[in-house]
Amino acid sequence: MSTESIAWPSMAAESRSFVDQLHEWITTVDHKRLGILYIAYALFFLVVAGIEATVIRIQLIRPHNDFVSPQVFNRLFTMHGTTMIFFVIMPVLFGFANYLIPLMIGARDMAFPRLNAFSFWMTAFGGLLLYFSVVGANGLYGAGNAPDVGWFAYAPLTSRTFSVGHSTDFWTLALLVSGFGSIGTAINIIATVLCMRCPGMTLAKMPLFAWLNLIMAGLVILAVSPLTAAQIMLVIDRYLGGHFFDTQAGGSAVIWMHFFWVFGHPEVYVLVLPAFAFASEIIPVFSRKPIFGYPVMVGATIAIGFISMSVWAHHMFTVGMSSAANNFFVISTMAIAVPTGIKIFNWLGTMWGGKIEFKAPMLFCIAFLFQFLIAGLTGIMQGAAPFDWHLGNSYFVVAHFHYVIVGGILFCLFGAFYYWFPKMTGKMYSETLGRLHFWLFIIGFHLTFDFMHIPGLLGMPRRIYTYEPGRGWDTWNLIVTIGVFFQAAGILVFLANLVWSYYRGKPAGNDPWDGWTLEWSTNSPPPAYNFSTIPSVRSRRPLWDLKHPDDPDWIYE
Amino acid sequence: MRSQGSNKWRVLGSQILICVYGSGAAFADPAAPLSPTNIFAPASTPAKSIFGLSLFVLAVTGAIFLVVFTLLLYSVVKFRKRPSDDGREPPQVYGSNQVELAWTIIPILIVVALFMATARVIAIVQKQKRLDTTIEVVAIGHQFWWEYRYPALGVVTANELHVPASDDNHLAPTFIKLLSADTDHSFWVPRLAGKTDLIPNHPNSMWIDPHEAGIYLGQCAQYCGTQHAKMLLRVYVQPLADFDRWIQEQRQPATVSNAASQGQRIFETTACINCHTVAGTVANGHFGPDLTHLMSRDTIAAGAASNTPENLRQWILNPNAIKPGSLMPAMQLSDQDLDALTAYLETLR
Amino acid sequence: MSATSITVSDQRTDWDHPPRGRVGMFGLIAAESAIFTIFVVAYLFYVGKSLTGPMPKDVLSVPILYTICLLSSSLTIHLAAKSLRRSNVRSFGILWLATIALGAAFLYGTATEWHRLIYQEGLTISTNLFGTTYYSLVGLHGFHVVVGLAALSMVMVFTLLGKVRAEHAEHVEVLSLYWHFVDTVWVVVFTVVYVIGR
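Residue numbers (this note's numbering), protein chains in the order written: chain A, 1 to 557; chain B, 1 to 349; chain C, 1 to 198.
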């Protein structure tokens, strides 16, 4: 039985001027529009931070290169890291969460639509504040410059003594402001998931996407807040003469590290859990099987959430902690590998016995599985603290975390873009361009990040604007840089695909993938009110039940 | 038939192993060094202990990788949708308690094994006791150079650390206390030990016992500011007799030479003495490296340039040409003064 | 193109959720607790580590009276919310005003304490580690009291304008959760600063 969708009063396109449309977008509180705003914002900064990375790699293509000065290089890696984490990955994940969660749980919007808008604009303003530093920071040479203290801004390098001018303050304030946005979004996600599920959708029946974002939101609340606290302390040190991190007054540089990494480690799970959410939605649909072991997937995620709060000092193995402390963090770090590894096996179990279709979303998710496996294993290597006394702060670490963030998270993100593009735009993307994007990017990814491990193993530390010849690092750095251009080409193809398909793509229909979750039951793109009637469900795959009334899921669950 | 099939797999397997070992050997063979800073070419006990652990960890993770990679590859190939597909959905399997239990228990066991191996090496490195023959060094990190003091031996030097070789006949490990005068740094000479940070108000310590004489390279491994990249490390491991001789030379005050007295006068009346010490003269500054035996070093500016008269002259004239952003100011001297000053410094052997 | 409607025959009539406002407020409280935890950890870490300057036991005096004021305000706000649920707007207004007064008294106490510390004891945020951690922790809490009082005052204004009725009881209770949180934080801060750290 089907219901007509309620006719929306038609508005002729010409009657809404550009200013009116702009006003609508700026004042929107609709979760779908805010989702798109987050995503567009993130794509812009992806290009900016990607250019920063490209310049970094050109500088490092050979020893003693002078493409940029050390001062510029140090700002580049600081801005690249800060931008990618806070103004690319977090916003794009929040964007997808905002767009999809209400649709997947059968709600009309998020719990607090105005808080949603407020959070987006806070995040957006934070990014603009960070980049304003390029002209506004009035550093030692009066020209204004971006922060150059590294994305984790260790004390006492960030004190007034060693960071003159205001560049560090731009870093601090930009992240403080966007941090409030992140916490707002997290509160919104939690309230939405806990309070707005449609009838019949118990917590045990909601899509894994909702579960993973719920736990991600909990982590944001517990993790971003310590960073906020540490940054307030830094501002007090820099402007009110405080001594939190003032080693001359008996303060501790190490305590900054603890506070930062109490944020920094759960933060990486904030980044990866939504990527797992994408994989957990895409892999089942393209294998034509339900997710293998839904209860354990939920349990493993909760375990990851808890354990992730206890591993932070594995970023500090070289700081000189006691052997007891080192041992503790070795155990906790290795322990978190168990639930994470379990997830890989569950995705494997999902594909096993299925009928896999290699459309673009699935290509990216399959690559994710292989690459995340490797990334996790290099993580375990670093979890063995003495091994980390070499690997830490070297290019091995840089390779590892890019393997997770690019090879894991970004690949899942590309999968998500392709998977939900038809829903968000009503058009189908070009599969040819999607494959071209995939192959260009994966070649570039492996050229860059596979070979990047090697200089780390040969003693190359990170954050150096140049390096000495004769250390055996030259060839590897050359290969790493070449890979960047393949990745850039892939991104350009991706952006072109998005734009071209938006205007010229074939109409996609409600359910191009024969999916099973609620977002595929409504129009593409969904109307402002999402559903004409609020659905009620009986299993984890309501559309499967509808399409297979003789063999519905709720008999087995 | 079956023996032929398994033979083929055995050959393939051994070929793979040879590749793995071959590349591993290339990494680890000091006779054909890939790099003077190769972490797989340990020359000192802490580095050797870590090397042993790393082989174990690599073997375990390598095995995990092979198993899971193979399973993933197999599933992607075997369970792909065929062109001849009948369009029906495959069996909808929701999970399997036995399988999920197995792939929980096995990783837990692996984690326990890895932890125990790790804890052992942590104990070896962090609980090392001092001997009577231990050499004590205090390393102080500065932006962007290394200060070394041998308190018991009365020596202060910079940037090039000398230690005695420590072999089974005569154990002479070196314990290094790590302090910082400004921001965070990290001491990393991969062939000798893992890195340990130098953090202000947080003294750390590490030890090395290099078995073979030679020069070991490394560099600062904790971002400390503009010239973090050129805060290089050079550790000179010498036979005990040579090391003792070096200590004796370093303890002497600066040799005074009449020929260079004009340069010495310039040194002592411009700002040089605010930052630098030359033992036995009025120069007693502590912000920059001790220059008493400057000419005994192979490099200047913490390894950024080799120690030649031209480089020395250039360094004094315009440090930013060699190490932009270093904290040594350009000395604004005339050409004659510069020549005289360089000549004086050349006498500080 | 029409959308598919998902309705399954046995509609649940017992479908219920926790109210959004409360869940959101608990989320905010969780985030704020994490921020305060870090400041408390810093305070405890630096106890006894100041290199110079006045030490806690030399200059701190235990603010018993103002603590009683603040903690009593939790009682009055609780009673106020209960009154509103029973549609007793007058009683609600009186108790709400009492809450604001008690909160303001607490702030006044903090202000006089700080005035004494700064001008008589010479302890400022930049004096030493104790000064830095003390003013930051107590100040962060005080800031949250100020924000709370601002919100409470807004409700007071609406009440005086006659716009607050029993149907707003849920909103008022959510706001009172925030106030209870502020009081709980004070219990922790009090213990850390005046009991443990002195």
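Since the hints were made in silico from the structure, they are not lab data. Note that the structure is predicted; figures quoted are calculated from it, not measured. Note that beta-carbon positions come from the ideal geometry of N, C-alpha and C, so glycine has one too. Among the clues, some could well be false.
[Claimed, not checked] Pairs of lysine to aspartate or glutamate, EDC-like flavour, derived with a Cα cap of 16 Å:
{"no.": "1", "chain 1": "B", "residue 1": "K81", "chain 2": "A", "residue 2": "D20"}
{"no.": "2", "chain 1": "A", "residue 1": "K547", "chain 2": "B", "residue 2": "D167"}
{"no.": "3", "chain 1": "A", "residue 1": "K359", "chain 2": "A", "residue 2": "D514"}
{"no.": "4", "chain 1": "A", "residue 1": "K506", "chain 2": "A", "residue 2": "E431"}
{"no.": "5", "chain 1": "A", "residue 1": "K547", "chain 2": "A", "residue 2": "D514"}
{"no.": "6", "chain 1": "B", "residue 1": "K78", "chain 2": "A", "residue 2": "E357"}
[As the list claims (entries may be wrong)] Here are the computed distance ranges between Cβ atoms for each label pair:
{"no.": "7", "chain 1": "B", "residue 1": "I106", "chain 2": "A", "residue 2": "F328", "range": "45 to 53 Å"}
{"no.": "8", "chain 1": "B", "residue 1": "D244", "chain 2": "A", "residue 2": "F328", "range": "38 to 46 Å"}
{"no.": "9", "chain 1": "C", "residue 1": "V146", "chain 2": "A", "residue 2": "H548", "range": "30 to 38 Å"}
{"no.": "10", "chain 1": "C", "residue 1": "L51", "chain 2": "B", "residue 2": "N284", "range": "54 to 62 Å"}
{"no.": "11", "chain 1": "A", "residue 1": "I51", "chain 2": "C", "residue 2": "L51", "range": "27 to 35 Å"}
{"no.": "12", "chain 1": "C", "residue 1": "K49", "chain 2": "A", "residue 2": "T202", "range": "50 to 58 Å"}
Hint check results:
no.: 1; hint: B:K81 - A:D20; result: violated (48 Å)
no.: 2; hint: A:K547 - B:D167; result: violated (77 Å)
no.: 3; hint: A:K359 - A:D514; result: holds (13 Å)
no.: 4; hint: A:K506 - A:E431; result: holds (11 Å)
no.: 5; hint: A:K547 - A:D514; result: holds (9 Å)
no.: 6; hint: B:K78 - A:E357; result: holds (12 Å)
no.: 7; hint: B:I106 - A:F328: 45 to 53 Å; result: violated (24 Å)
no.: 8; hint: B:D244 - A:F328: 38 to 46 Å; result: holds (43 Å)
no.: 9; hint: C:V146 - A:H548: 30 to 38 Å; result: violated (59 Å)
no.: 10; hint: C:L51 - B:N284: 54 to 62 Å; result: violated (26 Å)
no.: 11; hint: A:I51 - C:L51: 27 to 35 Å; result: violated (46 Å)
no.: 12; hint: C:K49 - A:T202: 50 to 58 Å; result: holds (51 Å)
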